[in-house]
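Trainee: The lines below spell out each chain.
Number of protein chains: 2
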Amino acid sequence: MTDHSPINDLQTYMDGLGVKAKAGARALRLASKAQKNKALLAMAAHIRAQSGEILQANAKDMEAGKAKGLSAAMLDRLLLDGGRIEGIAGGLEAIAALPEPVGVEDKRWTRPNGLTIAKVRVPIGVIGIIYESRPNVTADAGALCVKSGNAAILRGGSESAHSSGAIHACLTAGLEEAGLPASAIQMIATTDRAAVGMLLSGLNDSVSLIIPRGGKNLIARVQADARVPVLAHLEGLCHTYVHAKADPQMAIDIICNAKMRRTGVCGATETLLIDKAIAPKLLPLITDALTDLGCELRGDDRARELAIGINPVTDDDYATEYLDAILSVKVTDDIDDALGHISRYSSGHTDAIVTADDAAAARFLAEVDSAICVHNASTQYADGGEFGFGAEIGIATGRIHARGPVGAEHLTTYKYAVMGNGQTRPV
Amino acid sequence: MTDHSPINDLQTYMDGLGVKAKAGARALRLASKAQKNKALLAMAAHIRAQSGEILQANAKDMEAGKAKGLSAAMLDRLLLDGGRIEGIAGGLEAIAALPEPVGVEDKRWTRPNGLTIAKVRVPIGVIGIIYESRPNVTADAGALCVKSGNAAILRGGSESAHSSGAIHACLTAGLEEAGLPASAIQMIATTDRAAVGMLLSGLNDSVSLIIPRGGKNLIARVQADARVPVLAHLEGLCHTYVHAKADPQMAIDIICNAKMRRTGVCGATETLLIDKAIAPKLLPLITDALTDLGCELRGDDRARELAIGINPVTDDDYATEYLDAILSVKVTDDIDDALGHISRYSSGHTDAIVTADDAAAARFLAEVDSAICVHNASTQYADGGEFGFGAEIGIATGRIHARGPVGAEHLTTYKYAVMGNGQTRPV
Chain A
677 MTDHSPINDL QTYMDGLGVK AKAGARALRL ASKAQKNKAL LAMAAHIRAQ
727 SGEILQANAK DMEAGKAKGL SAAMLDRLLL DGGRIEGIAG GLEAIAALPE
777 PVGVEDKRWT RPNGLTIAKV RVPIGVIGII YESRPNVTAD AGALCVKSGN
827 AAILRGGSES AHSSGAIHAC LTAGLEEAGL PASAIQMIAT TDRAAVGMLL
877 SGLNDSVSLI IPRGGKNLIA RVQADARVPV LAHLEGLCHT YVHAKADPQM
927 AIDIICNAKM RRTGVCGATE TLLIDKAIAP KLLPLITDAL TDLGCELRGD
977 DRARELAIGI NPVTDDDYAT EYLDAILSVK VTDDIDDALG HISRYSSGHT
1027 DAIVTADDAA AARFLAEVDS AICVHNASTQ YADGGEFGFG AEIGIATGRI
1077 HARGPVGAEH LTTYKYAVMG NGQTRPV
Chain B
677 MTDHSPINDL QTYMDGLGVK AKAGARALRL ASKAQKNKAL LAMAAHIRAQ
727 SGEILQANAK DMEAGKAKGL SAAMLDRLLL DGGRIEGIAG GLEAIAALPE
777 PVGVEDKRWT RPNGLTIAKV RVPIGVIGII YESRPNVTAD AGALCVKSGN
827 AAILRGGSES AHSSGAIHAC LTAGLEEAGL PASAIQMIAT TDRAAVGMLL
877 SGLNDSVSLI IPRGGKNLIA RVQADARVPV LAHLEGLCHT YVHAKADPQM
927 AIDIICNAKM RRTGVCGATE TLLIDKAIAP KLLPLITDAL TDLGCELRGD
977 DRARELAIGI NPVTDDDYAT EYLDAILSVK VTDDIDDALG HISRYSSGHT
1027 DAIVTADDAA AARFLAEVDS AICVHNASTQ YADGGEFGFG AEIGIATGRI
1077 HARGPVGAEH LTTYKYAVMG NGQTRPV
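Those sequence lines, one after another, are chains A and B.
One rule links them: number in this note's numbering = place in the first sequence (from 1) + 676.
One rule links them: number in this note's numbering = place in the second sequence (from 1) + 676.
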């Protein structure tokens, strides 16, 4: 054997993943709906059958995580139990039951010269997915890629390496049972961070898209270093604006849900904007309701004059995604003032208006430039399942390819089929 | 005045362009169809009215270009005359006449909980366009951005700086006549190459997309350095495959057109694949027809045995976008052989099959992974105008957001409007 330095070995290993992924992508691109769904159902069966092995692997990760001093929240994200494993298997079956996204014709038209043109959905190719501690992402992300005909190269967090490895073994077993190559879902088998840099370089043009799932530092590194397109979910700094003509009870119900249903999700509202015409009556009621739910409010001077128990707010607070039981509050002069605040501070994820005024609602929906604009509902509906997409791989906050919840159909691209009967183009 | 070093000045200038572009993008995003079209028609009128000034500016560029020793082909791309200026004005009017791409609802559906969700086309934001010598791109690119509601930051080639500047003045005059800010179409007013690097960095997240138009070196630099998404047109290494069951005369007509109608366009066929079952009869006829048109053929051994006047081909030839009157030829065993060759050498732009066999055509259209797959027509139909898109800003060869001809509708993205009547999400 020749002597390779570790870095040479890693590059060779990663380049090999790229080559195999391209072959896997070709097989998946040409696979039938039935074959892909057979693989997904077989994966679910393997997850159930191997639950003992998965739990053993997870116990190793949990032990190492405790020894490393991971926080209780991180340990909870890492933990698997019977219910969570059943959730993973059920998730795979739900993805199998989704409509087939590949081969769908977006449109078809005929030109005056008789050429017929069809715009047809096709897979993207090879997708690199970089995520952190939750081991269930291994199954969700791999399965969404299979459903949409893409090969996946997965890079999970080192904390969940054993759990993700055990789940990954079930996925490849399912692929092979359906006659599909295991190379359609590969997992990077080293925790060496240099492997991420190589993946981000595109592995000799093998990788067509990178999807990072995780905290700000991960996303920032991916966006800085990637040489291939990135579909990033940055943050959800979401607003709910209570307009002068809001129904008061609806406003209270929506803001309580939008802030407190779950505080740690990206669709949680972080800032309440409330019109000065309705604030004197409504803000005390909202403050009481949220305080009862354990929420801290931080407001501007006008808000603090109107309701008891609101702490002072800073500009930094308005720019902060709390992901916690804290709400920024600002009393606004009118809809222009509210739109201006959203334009300045929104992360472009989800913003809502509560109003009974159709003209104000129409203006808000047209002018707010976020991926999801909501009228008279909770911002916590920002979710692929709630949109009817089934599973989602994240909520995209960029401007191109896909915005909002990214489901199987958003992991496709398109091509044109041009059908003629001998047409040649005039000079 | 404080003393700035040149680099500080350039960074300040470029950052200022970014800030102004965002304001321009906001104005355009909210502009009505009528207002945008008024601007486009006013631009056309200014182009016609200022044709004298534009020709004077072009004369300066031509003089400098000749002094610099530009090639005849580059000087021809740079040259403007009365006909070309009228072409620019007519192009602006044609873009005004296109369907409005913003606000179009891709779909609308209602969830079981009563939420109605609409997926609506919206502008992307600020688009940076980097191009080379053709001054007409200034008008085409700026106008397509206006039509699609995007602000543009243009960076033309230094050779065409005077011509592009004179055209740009007509565009901003048109914007202002329609009550839109001149900042909606800005042109980088320096030929300093460092400005391109700053634009590619995104100007503090002001720029949402970069579109390079030019040769391989330009595209490669943009893809290596960009920190924002790039919609690139790489090259058109296009194939025409003549299947065993092709109509012979149709095959001759299509290949002559696909290769020789214009040899310098990206949709020109560079390689002929011909099935061994039909090659003995047909290849000599194709060779004669192409030779009469002044085309050099380079073929494999089987091709050279079948027809007189074919030079030898190399693997490098199969990988070359000639953009010239040269055609690579390969005799293929069957459709698998042809698909394998295309999979290896195609640039993913446009590939065609000529056949009377529906099953072979269907397989080709399904399995070839290029942006445009053609049956029984010339690859030179790869063009936004021929697709009915009106003007195009290029033909995208990447995998995400847009593939094939990029017209005004492809310079949009989408958002979701979620409309409820008080829905709160269950825990």
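It is worth saying that the hints were derived from the structure and are not from the lab.
Note that the coordinates shown come from a computational prediction; the quantities given were computed from them, not determined experimentally.
Hints may be right or wrong, so weigh each one.
Copies of one chain are not kept apart here, so a pair can be met inside one copy or by any two copies together.
[Claimed, not checked] Below, computed lysine-lysine pairings styled on DSBU-like, alpha-carbon distance capped at 30 Å:
#  : residue 1 : residue 2
1  : LYS921    : LYS696
2  : LYS892    : LYS1091
3  : LYS921    : LYS744
4  : LYS952    : LYS1091
5  : LYS795    : LYS892
6  : LYS957    : LYS1091
7  : LYS783    : LYS1091
8  : LYS795    : LYS921
9  : LYS1091   : LYS921
10 : LYS957    : LYS736
Trainee: Take the hints in turn and mark each one as holding or not.
Mentor: The hints, checked one at a time:
1. LYS921 to LYS696: neither (59 Å within a copy, 35 Å between copies)
2. LYS892 to LYS1091: So LYS892 and LYS1091 pass the 30 Å test across copies only (23 Å; inside, 34 Å).
3. LYS921 to LYS744: neither (53 Å within a copy, 67 Å between copies)
4. LYS952 to LYS1091: between (51 Å within a copy, 29 Å between copies)
5. LYS795 to LYS892: between (36 Å within a copy, 28 Å between copies)
6. LYS957 to LYS1091: Cα proximity of LYS957 and LYS1091: none, with 56 Å in one copy and 34 Å across.
7. LYS783 to LYS1091: both (11 Å within a copy, 20 Å between copies)
8. LYS795 to LYS921: between (44 Å within a copy, 26 Å between copies)
9. LYS1091 to LYS921: Between copies, since 25 Å is at most 30 Å while 47 Å is not.
10. LYS957 to LYS736: Close neither inside one copy (55 Å) nor across copies (69 Å); limit 30 Å.
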